[in-house]
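> So you can see what is in the structure, the chains are spelled out below.
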Amino acid sequence: MSSNTQKSYEQIERAARTRKIVGKTLTYAFLVFWGLMVLFPFYWMVLTSVKSTGAYNAEFVPKFYTLSPTLENYREAFTAVPLAKYFLNTVIFTVATTAIMLVVIVLAAYAFAKLEFKGKNLVFTLFLALMMIPGELVVITNYVTITNWNMRNTFWGLILPSVTSVFYIYLLKENFAQVPDDLYKAARIDGCTDLGFLLKVMVPICRPTIVTVIILKVIECWNSYVWPRLITTDQNYFLVSNGIQQIRESGFGRDNIPAMMAAVVVISVPLVVLFLIFHKKIMAGVSRGGTKG
Amino acid sequence: MKVVLQNLTKKFPNRNKKIGGDVIAVNNFNFEIPDGKLIGLLGPSGCGKSTALNLICGLLEPTEGHIFFGEDEVTNLPPEVRGVGLVFQNYALYPHMTVLQNIMFPLQNLKGDQKLPKEEIVRRAKEAAGLVQIDGLLERKPSEMSGGQQQRVAIARALVKMPKVLLLDEPLSNLDARLRLQTREEIRRIQRETGITTVFVTHDQEEAMSISDLIVVMKDGVIQQIDEPQEVYDDPVNLFVAKFLGTPAINVFEGEVRNGRLHIGGDDLMAVPGVPDKKVFVGIRPEGLEPDPEGTFGCGLVNVEVMGRDTSVVFTHDGAVSENLRAIVASGKRPAKTEKTVRFRPDPLKVHLFDHETEERIRF
Amino acid sequence: MKNSKFKGWLYLLPAILFLGIFMVYPLIDVLIYSVEEGYNFVSQTAYGYGPYNYSYVLHDPYFLQAVKNTFIIVVITVPLSTGFALLIALALNSIKKLKDLFQTVYFLPYVTNTLAVGLVFMILFKKTAYTDGMINLLIQFFGGQGVDFIEGPYWAKMFVMCFYTIWVVLPFKVLILTSALASVNQDYYNAAKIDGTSKGRIFRRITLPMISPMLFYLIITGFIGAFKAYSDEVALFGTDLNGAGMNTIVGYVYDMLYGTAGGYPSYASAAAIILFVIVLTITCINLMVSKKNVHY
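Sequences listed follow chains L, A and F, in order.
Taking the numbering used here, the leading residue of the first sequence gets 1, the next gets one more, and so forth.
Taking the numbering used here, the leading residue of the second sequence gets 1001, the next gets one more, and so forth.
Taking the numbering used here, the leading residue of the third sequence gets 2001, the next gets one more, and so forth.
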């Protein structure tokens, strides 16, 4: 380093510092900007839902705040359509689908990971091949099947086609396979049955993966729209997605936007609250579990 | 190029917010690395030696103090204008590039009037590869090489832009024992050949002793002692340094000075002229105890481990503070295994006294 | 473990049963449907077999419109969303303070019902008798000409469509890329910094190659997802997508099966198989490209 550079020590230092500060500022500005883009629809949804219908319709230029919030729209949303019923349906659908699926995939994953039987590898390969098949391809026949079984407008019709997932079986099997075989042998020597071992050892050890699967499945169920739309024509079996779509197209949504937004808030809240409580777990689970839907 | 550190201090905010306050990783460093020397920064893990290294290379900015390369201040300069080379503990070779591409990478970054033509870049990269003797491996990917080879590549990459200062952060700790020895020699050879001022960070005292011109012993962010390896070993400034250097470790006892004589337990060991009466810690190097039926130091014999040229005598004593007391003695003088006790004659040059409160050295 | 031969199958039984009925059988069935000519849904009979269904679908202007829409959505949203997600992930990874907060906020759309939030986008972009809508007022404020994004010109609808799609798919991509970036060993960046590597070069020569497996994973799944676009469209434009001229291939399949023009499982099957072939082809091309460019 020549003395020439030494003279400019302060300049170099200052330039480096300025560049750093400018960079940081721009980065934060960008992040805040996108944060607002993400949050604004949520804000708008809540805001609109507490504006009175009259006030909303009178605002040619929409206001970014309201001084007279009202819960009238929520009352309207719950009384004009059986929103509570949709809600309940979705809860039943979500819980039942997730629970049945868990049983099915835990058993299957266990068989693939720890049990020895003829043809296992062949079946597993076939299972993996099924992962490539898009749901859109099979939905047509399933629709016909469920119709033929007279299961349209029943919970079983909603639930049955979505209680298996090859992807989750695969995910769980990989995790199960990591549990050392010695544990299995030890458990057998201790007099534990296969099923006992599965429930008392495997499942607790692999809890994080199972939680991941539950999280992904619950989100999927809560937001599912296509299949319920095909299978239900009776309001008594509508899920929230179908309910909201019906409100928008033939219900009060066409002229009472604040009430529609109230309904939107109501059906969004459960998952958002769950997310805010478990955000670390959910994000870790999703990044581990892969794709949506 | 000499490197001067002046009042260098680095504080980090405490990660545990409940405790609060700052963690002082590097506390008021003052020392000068002479031009062309290899210095070993030695200390237990977490003592701040890597932080010190990162301050020198510019990946961290100091809280206080100054750093000079030669006469030029570089304290807050970004790393790329300092002209340093850094070798990482886990090599940090880019896995998607070949060896040659890895070594060329620093040169390809040069800008403006420093920019080099492509042939020159390749020539210099090959030269650096030759220096660390990996000429035959240039087209390999890092994953296809052994740890030792990867370490050579990392060194070549650090050297290729002819840095003013070369920094090595625990470069040998991921290698197995045999390779470690071999690579140690290699680093020493390369440093001699290039004459680059080098800082070598390690927690392994043997490594530091064997390779360094100067050793800096650190503890909790504070420099304990700076000296040549033999000096640090023979003349430690405090109990920590004495305990940290040497294999087998120094034997430590609790003792007392009365009327100019050193007592450990019931034994009157030797004269320590000029030391006032007080409680002390006594450190005796394993090679400083010679079996002698007339010796002043009476101990219980535990085991005699034959190691070929030398013999290791494992013994006990009531006044001992350290575990696993050992003496290294010439094979001809070893006591019989069947004995229950053994007497030693201490070598005054190998016996160090330390203040019982401050653990500072008391000279006599 | 003598009896575990049967035990294995016993454990697998539920999965095999469900998959057989709702995956394997439909797969075969859909192929049969697609070649059954003149299939009658009520009597469940057909005249005969032939390629007529494919020919009908490929000549149906609604289908062609749906293919065009789908391709536009794919071509616009996949590169834009991936690029933008990378930008956000890079910004996120360069900061320490508030990183968790930003990450959490960005992920929020992932857990929301896309149909519900789509309605919010609709009212933001829609022009009604009462109001021109938020976005139009903004456009007018900056001196532009307002336009009905929901029932107006094609390009305006396509714009909202793509914008909303990107808004919906970003959270997942940002999350994946952020963790991919965070898992790159910091030493590589330190080494590069000491060598004076410029930001752009660090990005091109180190960051990109290191995260390329994840990036390609996102691109491939992004393509597949975008080709299956449907419910986001419904959220914005309602169920009569043909009427709005915004139908997608998946939408066409469902409309053929059910809905106003429904009752034709044969046409639906033919369209679904055409979609499958398109997706398969694109995925293969993607995989071939990624083999050349991804460093593992």
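Hints are computed from structural coordinates only; laboratory data are not their basis.
Note that this is a predicted model, so its numbers are computed, not measured.
All residues carry an ideal CB built from backbone N, CA and C; glycine is no exception.
A couple of the hints might just be wrong.
[Said to hold, decoys possible] With a straight-line cut-off of 25 Å between C-alpha atoms, the simulated SDA-like cross-links for lysine to any residue are:
{"hint": "1", "chain 1": "L", "residue 1": "281", "chain 2": "L", "residue 2": "204"}
{"hint": "2", "chain 1": "A", "residue 1": "1115", "chain 2": "A", "residue 2": "1094"}
{"hint": "3", "chain 1": "A", "residue 1": "1337", "chain 2": "A", "residue 2": "1355"}
{"hint": "4", "chain 1": "A", "residue 1": "1115", "chain 2": "L", "residue 2": "204"}
{"hint": "5", "chain 1": "L", "residue 1": "63", "chain 2": "F", "residue 2": "2187"}
{"hint": "6", "chain 1": "F", "residue 1": "2097", "chain 2": "A", "residue 2": "1024"}
{"hint": "7", "chain 1": "A", "residue 1": "1141", "chain 2": "A", "residue 2": "1209"}
{"hint": "8", "chain 1": "L", "residue 1": "24", "chain 2": "F", "residue 2": "2135"}
{"hint": "9", "chain 1": "F", "residue 1": "2097", "chain 2": "F", "residue 2": "2076"}
{"hint": "10", "chain 1": "F", "residue 1": "2199", "chain 2": "A", "residue 2": "1322"}
[As the list claims (entries may be wrong)] Just a sample of chain A residues kept apart from chain L, beta carbon distances all over 12 Å, derived:
{"hint": "11", "residue": "1023"}
{"hint": "12", "residue": "1061"}
{"hint": "13", "residue": "1072"}
{"hint": "14", "residue": "1074"}
{"hint": "15", "residue": "1075"}
{"hint": "16", "residue": "1076"}
{"hint": "17", "residue": "1097"}
{"hint": "18", "residue": "1123"}
{"hint": "19", "residue": "1141"}
{"hint": "20", "residue": "1203"}
{"hint": "21", "residue": "1214"}
{"hint": "22", "residue": "1243"}
{"hint": "23", "residue": "1260"}
{"hint": "24", "residue": "1337"}
> None of the hints should be skipped; say for each whether it holds.
Going through the hints against the structure:
no. : hint              : result
1   : 281(L) x 204(L)   : holds, 17 Å
2   : 1115(A) x 1094(A) : holds, 22 Å
3   : 1337(A) x 1355(A) : violated, 35 Å
4   : 1115(A) x 204(L)  : violated, 59 Å
5   : 63(L) x 2187(F)   : violated, 51 Å
6   : 2097(F) x 1024(A) : holds, 22 Å
7   : 1141(A) x 1209(A) : violated, 34 Å
8   : 24(L) x 2135(F)   : violated, 30 Å
9   : 2097(F) x 2076(F) : violated, 33 Å
10  : 2199(F) x 1322(A) : violated, 53 Å
11  : 1023              : holds, 23 Å
12  : 1061              : violated, 10 Å
13  : 1072              : violated, 4 Å
14  : 1074              : violated, 8 Å
15  : 1075              : violated, 8 Å
16  : 1076              : violated, 5 Å
17  : 1097              : holds, 27 Å
18  : 1123              : holds, 25 Å
19  : 1141              : holds, 27 Å
20  : 1203              : holds, 32 Å
21  : 1214              : holds, 23 Å
22  : 1243              : holds, 40 Å
23  : 1260              : holds, 56 Å
24  : 1337              : holds, 42 Å
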